[in-house]
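Peer 1: Next come the chains, spelled out residue by residue.
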Amino acid sequence: MAHLKLFGTIFGSTFKKPATRLYPFEKREAFAHTRGMIKFENAKCNSCSLCQLKCPTGAIKVDRMAKTWALDRLKCILCGACVLACNKAALSMVGEYAGLQVDKTVVVEIATGGTATPEKPAA
Amino acid sequence: MEQVEIGVVERGELAAKAAEMARSGARLVAVTCTSLTDAFEVTYTFDKEYKPTHLRVMVPRTDATIPSITQSYFCAFAYENELQDLFGMKADGLVLDFKGNFYRKAANSPFAEPPAGPKKAA
Amino acid sequence: MARTIIPFGPQHPVLPEPIHLDLVLEDEKVVEAIPSIGFIHRGLERLAEKKDFQDMVYVAERICGICSAIHGHAYSEGVECLMGVQVPRRAQYLRVFLGELSRIHSHLLWLGLFADSFGFEALFMNAWRLRERILDVVEETTGGRVIFGACKVGGIRRDISADTLKRIIVELKDIEAKCRPITAVFDTDSSVRRRLEGVGVLSAAEAYSLGAVGPVLRGSGVAWDGRKLGYAAYSELEWTPQIEQGGDCWARCKVRVKEIYDSFSLCYQSAEKAPEGPVDVKVTGFPKGEYFARLEQPRGEVVYYLKGNGTKFLERFRVRTPTFANVAPLVKMLQGCNLPDVPVIVLTIDPCISCTER
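Residue numbers (this note's numbering), protein chains in the order written: chain W, 10 to 132; chain U, 1327 to 1448; chain B, 165 to 522.
Each statement offered as a hint is correct.
Taking lysine-lysine and the PhoX-like style, the derived pairs with C-alpha atoms no more than 25 Å apart in a straight line are: (1) K63(W) x K471(B); (2) K476(B) x K63(W); (3) K70(W) x K215(B); (4) K14(W) x K26(W); (5) K476(B) x K70(W); (6) K392(B) x K1377(U); (7) K215(B) x K84(W); (8) K337(B) x K14(W); (9) K1374(U) x K471(B); (10) K422(B) x K14(W); (11) K342(B) x K14(W); (12) K452(B) x K215(B); (13) K471(B) x K1377(U); (14) K1425(U) x K496(B); (15) K26(W) x K342(B); (16) K97(W) x K446(B); (17) K418(B) x K14(W); (18) K215(B) x K63(W); (19) K1374(U) x K392(B); (20) K26(W) x K337(B); (21) K63(W) x K214(B); (22) K215(B) x K113(W); (23) K1374(U) x K496(B); (24) K63(W) x K446(B); (25) K437(B) x K392(B); (26) K84(W) x K476(B); (27) K63(W) x K452(B); (28) K25(W) x K342(B); (29) K214(B) x K84(W); (30) K214(B) x K70(W); (31) K1377(U) x K452(B); (32) K214(B) x K1431(U); (33) K337(B) x K25(W); (34) K1431(U) x K215(B).
Residues from chain B that face chain U, not an exhaustive set, calculated with beta carbons under 8 Å: (35) L374; (36) K392; (37) F456.
Calculated from the structure, these hints are not laboratory results.
Built from N, CA and C at the ideal position, the CB exists for glycine as well.
With the sequences and hints as input, model every part of the structure.
Peer 2: Right, dumping it as structure tokens:
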């Protein structure tokens, strides 16, 4: 029977660079299609609410009267159905993961400003 | 659409049919139950050399008991305990009976009522 | 001799899945084991009555994190056969490609957890380090690391270009070469063999009659592989189901190791043979009728029963996952084993309790 078969790999690991990344000093590059977070560009939105219709979990709420667009991040499963549905390209899927926010839902006013998912602070 | 052949079996002959399938060398694949308005539709799927055989038993809601096939297929105890726990049916002659405790759940028989059907658009 | 009952699970350092077992012990030998599940029962089957059948594919994928790709594939396959939708050939080949990548990642994950269950942490970490590279390939093509989000009713959501496929094949060949020293440890190392040989023996007849599926069945010598049913593009690819005769934990481990290399070969074949063309087709109408879809997940055969009644909600959506079918062989294998072998045996059926309880 063979003994200590993993010894070669373990011994080699002593001299190679570590397999882990020193986050937050080294950040990982996202791939082109990574589903990180939904980015909403309020200037392009025309409140057609197709995104609300297509969302499978009901995470998006569009209020035409009050002119707001809200995303409940705890319900969002990052499937991208809203991105495909939007005719105005106001929604896009970005590779970075979203930063912290205290409220479950952030309400954005359409045509005045702000983002629904906060960007991560730069290191 | 590919046709699925489902043989209908009376409740009384189920145990005999299961023994016959066991003798022919088939293995039990799955037991599926659907709640209909006035009955439970229980389908037993067997497989032999990649060919499936489906047997269906209709169980009326008023008398929701089903004879157990654990004598021929011991592994059916998991499926029949699931029928007891989630649908509120009773399996007669179950070899390993958990008496409703196989699944830890908050409510009794959560799957027993039939689906409500599509709501009219609000 | 007095018997003690030890409750094992659902929270236990070595148990990766929330299953509860009441172990009845005499001294250090387990006399019988009584399973109990239900800790993560989410009632996903009833959700089909409230969600559009096309949106249910998202729910089906999220039944389990490890076997997610094939759940999505099985659901899409079931609805497509129910409605008579013909999926383009390129989509079939790419589904096979992604499914086999998912199988490699699942088996590498299992190899790591298995090594952890008998205390070999270095092997666990090395197996998972390789798995990270597979997940990078998946993230590059589909966008998600474990929840692929690749299949939809009618095809796949995003195409993979021929150049990307070529580059991925080169990467996969490198990963396969790095896999060899790790899997050689499982196959030949003496300390691994001493923990696994002769533990949890299941004869071929017992495995078959108890309804075992997947590597549990193949490790006992029965050559049954759901991919031979010929769904997707499997009827046009070449491989043979891997079997071992031992019927013990070591045999099941060797079966999974061989399946990893089979999956690499299937990935290369499907990437080469994928024809040009569209990757999805428009789906109109509603499902009506019933259909049983059977696919091979990394853990065994999964059965999807779909019943439609002509509306956009399915009347019944039922999933019989492989771990559910392996509960009976697990109870049989635990009888007569030693207490320290219990985690090894529980892990050898590759439990995935979130699948079992949906």
